[in-house]
Amino acid sequence: MSAALSSCVLVAGSANLDFVVRASHVPAPGETVLGRELALFPGGKGANQAVACARAGGAPTRMLLALGNDAHAAPIERSLREAGVEPHIVRVADRATGTAFVCVSDDAENAITVAPGANEALRGEDLPDLTGVGHLLLQLESPLAAIEAWAQRARAAGVRVVLNAAPARPLPSSLLDAIDLLIVNEGELAVLSGIAGDLDAGLARIPTRGVVVTLGARGCRARLDGEHLHQAAFAVSALDTTAAGDTFCGTLVAALAHGLSFAAALRRACAASALACTRAGAQASVPSHDEVERWLAGADSMPAAVTSFPLQV
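Quick note on this note's numbering: the sequence shown kicks off at 1 and runs consecutively.
Errors might be hidden in some of the hints.
The calculated label-pair distances, taken between Cβ atoms and stated as ranges, are [unchecked claim]:
{"#": "1", "residue 1": "34", "residue 2": "201", "range": "40 to 48 Å"}
{"#": "2", "residue 1": "88", "residue 2": "216", "range": "45 to 53 Å"}
{"#": "3", "residue 1": "298", "residue 2": "218", "range": "19 to 27 Å"}
{"#": "4", "residue 1": "132", "residue 2": "81", "range": "17 to 25 Å"}
{"#": "5", "residue 1": "198", "residue 2": "26", "range": "21 to 29 Å"}
For the record, the hints were derived by calculation from the structure and aren't laboratory data. Note that this is a predicted model, so its numbers are computed, not measured. Think of the CB as a built atom: it goes at the ideal place given N, C-alpha and C, for glycine as much as any other residue.
Use the sequences and the hints to build the structure in full.
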């Protein structure tokens with residue numbers, strides 16, 4: 001089987017231990033807010049997306065990550081293995097495992113500060129063998145030079161490269177040229193395209209073959225090979241949106257790796273993301289593949305992804 005036809009997904013990126021506190025609202029600059037309970041959850045955009053690939057997407061999943069030699073590393077590795085992810089771990093003796101400090105408000109909004117730690121030690125040469133890998137999923141919480149090296153190596157090997165361009169930053173054309181599918185939210189699209197407030201123009205400006213823009217409660221919009229799609233969101237009562245975007249990314253790539261159409265993959269990713277919003281935590285909120293299947297089976301009245309795109313939503 002060629003790499004491009006394999007259902008295996010390799011995720012390369014960040015892994016953190018999240019310290020999460022709930023509060024009435026996210027603090028404004030200079031404001032102190034009295035929070036409530038503190039909980040610890042395995043997180044990091046890369047690890048969250050790997051868990052979503054394996055658990056919600058049901059795809060064979062491997063992950064390249066870096067961890068320190070400290071107590072924070074163990075729950076991250078355990079969470080990945082319990083989700084069915086095969087980890088390829090770079091141990092970093094002189095740096096702490098990455099951590100994130102998350103405030104979640106009562107209206108499910110969040111503010112996150114990340115201490116990258118060992119994540120910053122990843123290098124281009126750390127990417128494992130790509131035999132059997134069909135898709136490489138990347139984010140922007142790793143060193144940019146390493147991300148570009150991983151993408152170019154995967155492209156040369158015939159592996160489809162997906163980049164979730166978060167957190168937002170300008171990207172070199174040499175990296176964008178190696179990307180098959182770019183996943184962004186509205187703010188990240190504005191940073192990359194230089195266009196704010198016009199989704200159509202922003203999508204048209206991005207040079208990659210495909211682009212997906214997540215829109216929260218409005219679903220997502222996408223362009224692939226000239227075809228434009230809008231997928232409506234699934235209505236839920238949100239508790240915590242922390243891992244919604246990561247769940248979307250991992251589930252979408254897993255669905256594509258399984259050979260689903262782009263439209264069907266978008267619908268599945270939106271469903272998994274909605275379910276994740278109903279639970280607390282990052283990886284702890286990612287639904288199982290069976291839960292997504294049951295949700296979709298009971299949501300036949302929800303619209304499939306459609307190609308009517310000229311309307312702003």
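Hint-by-hint comparison with the structure:
1. 34 - 201: 40 to 48 Å: 44 Å, holds
2. 88 - 216: 45 to 53 Å: 33 Å, violated
3. 298 - 218: 19 to 27 Å: Hint holds: Cβ distance 22 Å, inside 19 to 27 Å.
4. 132 - 81: 17 to 25 Å: Roughly 19 Å apart at Cβ, these two residues keep to the hinted range, so it holds.
5. 198 - 26: 21 to 29 Å: Holds, at about 28 Å.
The structure is inconsistent with hint 2 alone, although it conforms to all the rest.
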